[in-house]
Amino acid sequence: MSATLTIERLTIGLPEGADRPFAVENVSFDIDKGQILCVVGESGSGKSMTANALMGLLPQGVEVKSGRAMFEARDVLRLPEVEKQALRGAQIAMIFQEPMTALNPLMRIGDQISEVFAAHGLYTQSERRKRALDLVREVGLPDPEKIIRAYPFQLSGGQRQRAMIAMALALEPKLLIADEPTTALDVTTQAQILKLILDLRKKRGMAVMFITHDFGVVAEIADQVIVMREGKVVERGDAASVLHNPQHDYTKRLLDAIPTGKLPDARKLSDTPALEIKNLRKTFRTGGGLFKPVREVHAVDDVSLTVARGEVLGLVGESGSGKSTLGRTAVRLVTPDGGHVMVGGVDLAALSEEELRRQRNKVQMVFQDPYASLNPRQRIMSALTDGPINRGVPKEKAQAKAKELLEIVGLGADAAMRYPHEFSGGQRQRIGIARALAMEPELIIADEAVSALDVSIQAQVLDLLRDLRERLSLSILFITHDLRVAAQLCDRIAVMQKGKLVEIGRVDEIFLSPKQDYTRQLLAAVPGADWAQTEEVPA
Amino acid sequence: MTIFAVVVSRLSKAILTLLAIAILNFFLIHAAPGDPAVVLAGEAGAADEQMIEQLRERFGLDQPLYVQLGKYVAGIVQLDLGYSFRQGAPVAELIADRLPATLLLTLTAFVVSLVLGIAFGVAAAARVGKPSDTVLTTMALLFYATPLYWLALMAVLVFSVWFGWLPGFGYETVGANYTGLERVLDIGSHLILPALTLGLFFTAVYMRMARASMLEVSQLDFVKTAKAKGLSDAVIRRRHILRNAILPVVTLAGLQAGQLVGGAVLTETVFAWPGIGRLMFESLAARDYNTILGVFLVSAAMVILFNIVTDIVYRIVDPRIGARS
Amino acid sequence: MWKRFRSNMGAMIGVVLLISVIVIALIAPLIFSDGPWQMVQRPFLAPFAVDGLPLGTDTLGRNVAAQLAYGARVSLLVGLVSTVVALLIGVPLGALAGFYGGYVDEGAMRFTEFFQTIPNFALAIVLVAIFEPTLTSITIAIAIVSWPPVARLVRAEVMSVRTREFVDAARLAGLSKPRILIQQVLPNTVSPIIVMASLMVATAILLESSLSFLGLGDPNSMSWGYMIGAARTVIRTSWWLSFFPGIAIVITVLALNLIGEGLNDAFNPHLSRKGKA
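The listed protein sequences derive, respectively, from chains A, B and C. Mapping of the first sequence onto the working numbering: position 288 corresponds to residue 288, and the numbering continues sequentially without gaps. Mapping of the second sequence onto the working numbering: position 296 corresponds to residue 296, and the numbering continues sequentially without gaps. Mapping of the third sequence onto the working numbering: position 42 corresponds to residue 42, and the numbering continues sequentially without gaps.
It is worth saying that the hints were derived from the structure and are not from the lab. Warning: the hint list may mix true and false statements.
[Claimed, not checked] BS3-like mimics (lysine-lysine), calculated; alpha carbons at most 27 angstroms apart, straight line: (1) C:K177 x B:K130; (2) A:K65 x B:K130; (3) A:K401 x C:K3; (4) A:K232 x A:K174; (5) B:K71 x A:K84; (6) A:K395 x C:K177.
When you get a sec, could you build the whole thing from the sequences and use the hints?
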């Protein structure tokens, strides 16, 4: 097989003052015709820089220092700008991570596709239109006639990503670069897009360079894999051997850190509930002005569930399923329209604002975004002691407790006097956990608490939660979109869809014998599901 | 929402706003030190006893405040802005005479400043960091800090007094009695200096906005997509960045209309341009409060109308707004 | 932050210019002990025509240099005080509107919109004309026409900060709403307010000078706008009488704008206009 692209000893320099001299150092690899190469790495590994270098899209200050990238017997890194431009979109095409922002908001989808032909001076106006229509059809967008006249804001995230792919395929490129194209999508949409890429590869025989941080995705589509870390390739090989027989420590650690679907042993649960949610309802209304119709969204629709003392209940669902609203309602950040939230014999849903403030400590929350969940202008100490002092705990005692908690979450007591910007994302999540614990809650709600973290950091935070669960017999409602993460930590799992509770059961029940179609769909959509299963059920 | 519904809702809001301004006017007169009748007649002694009596009667100044307010507002609804005893004519008539000149000046200045501002802003953004960008941004910074009226005076001094290139006074050549095209050209030559000096400050404002907006949009993801498609930088700038960047500039420019009308008072004063701004200035010296308040109300109406037009243009140009609701 | 500000050449030029203007304003009574109204020589003296009168004399034979120095006092005072007053109106209103939302927001924003629709210079003219021009009425009029953008900015900032998770965390800590607003939210909106305030002082100085130019200045205080207005009729013969006060205004306003921009760049390093990706 002939290589479509051969990269030899590519080194990309970062501007002065960056945390390291090279974004990418001495990287070599080939991609053959019709082959999918996955470039895997955590944030900052240099995987996207490699792709941007090939496309001539490097940010200012970042430049190729040495090496070559041979494509069709030419070094694409050294081509004059005019030739690079002719190559882009025609021979090498690229799709990006954020379908929401990667399309021009003021231009119709059809025009954005036709533009590719125009850029390369091909076809007449009407022919471009016809071809755009064919492409829209090929990537499986519904109602193509309507779609090409639509603006991006009228499309869903998955549809936009399909439109992006249509653009990328317009001129039948020999190489498609996909930079985390499914990261921003829901699992079921992600599964569809991955399938689309596989189909198109088969049909058109193009080479694909697929950048991802997710080994599940790798298991799903990769032929070849390279693993990058801090700008260097640490491991390479075909997909099966990298996944099942990793050589480098880093790869092993990454793979270990991935929730594999290996199910933890079921634990004995207490009979006393920490949280009882009964018939909870929350409806959001928007619009309703003089000329606007009212729109109703039933975010939480008659949901009842219980979290036992010492239990971790996973609440999973796709975006828009209402899982976050349920969590926010349970802590009464959102006031429900109906139903009860019973914690320690008190119905939080029924309290007045004033009573609520005194009962706030009962349920605490760990948030998703480590960069938004701490006040940048407040020292860690006051973030951890504001609540307890407000409850009447003497200042010295609250501060001593805060230091103790910082030790428990693995940061050390001297973290107390510092400001949030001095900590990394993973460290901030630990602070968030300590802050929740400082209130001595009966229940903690973790809302996508590890979703924003790199896998290896994610694993550390999950370890911490598991450890705290044992040591403090914490009750946790763990909200996540990621079934694999839920499987690692939770005792039971509840599945939500469109505001309703679809299914709830022990982890092994949900994973091995799901009763509802939707649960089965979700499980099937998990990237690399089969691969994870093979590890779990010995063949 | 259809455009029609937008227009209806905006217009009804505009009418409410104007009513509120009318009420504000009423209370301002009453809050002014001294007898409102005397104030209205022009307290510098121009009013004789008879006039003041007439005013008392007309506004019913011996009646309760709300009755007076009702009468005042009812008058304004019928476009009765009161009587200027100084000029011996109804204020509405005075303003109607002067309004065309102001409209000509402000609209010309607006178009000139928007076109120049966007052109310079786009040019500067395209050459960011280069000497020509530095020159343009420095110029903008200077004009942004220059008082309008002083710039106007200096322009008169240089182009009218020293070089004698352009007329620096009035709306047309007095006594020339031009007709047809000759008259248009004559008015045009009188318009150049006032429109440019009024427009230069706003050119600086729009240029800074346009430049910042271009740079901001050029950082967005879809620009990278366009580049990945193989489009040339020039095409990307024209088709993708420009339109996205100009939209907010035009909206903000619409919101600046109030400042433009305010600036017209100064420009018209310097150039003796016979618009409502000049009328306001003349009334200031004469303490002709009826006229001052009348001009105030009419200029607010102009600004509101302007905002409605911008809003509608924006809705037509941006597909997202019309469909969102 | 301070380091970024200091390395901004424009901002440092602004600081030097502004400090010079402030110093001149402060020492004006020391160097020109006669005050700005005293006739010192015959009128219409050109600059440097007579020793000790570097900028000449005006239509009444008063020392133009002294007038300029005293004018700086008025400009700075009015600019600063009116900005403070505008902040006192705009910050609380915007903060309440943004934080509490709902009807509070609706009401506050209608009120703000109303004031923003009115052409602000025209309103300032009306207010000063009706309440008689004094330093107080001028300052208050400028504040009244300047606060709406503050309210809108603070509202937008508060609304964006309010949705951040640390505010939820503060609610879960049982802190009261006013305490969350003052202790958690407002400190995070300070930087854009400072930037806006520095630009507002500049605008206020322009407004004050424009009012004085139209004859709506405090008759007891010498101001740059008044000087230009008074010299307008003699511009053909004595252009310098209008020229120098205008330059003084440009320098002061420019200095404040440069500082404002420098602060803005220092607060938002990622937005500073450096090249494109």
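Results of checking the hints against the structure:
1. C:K177 x B:K130: 50 angstroms, violated
2. A:K65 x B:K130: Given pair A:K65, B:K130 holds - Cα atoms ~25 angstroms apart, limit 27 angstroms.
3. A:K401 x C:K3: 37 angstroms, violated
4. A:K232 x A:K174: Holds - the C-alpha atoms of A:K174 and A:K232 are around 26 angstroms apart, at most 27 angstroms.
5. B:K71 x A:K84: Given that 27 angstroms is the threshold and the Cα spacing comes to 75 angstroms, the pair is violated.
6. A:K395 x C:K177: Cα-Cα ~21 angstroms, so holds.
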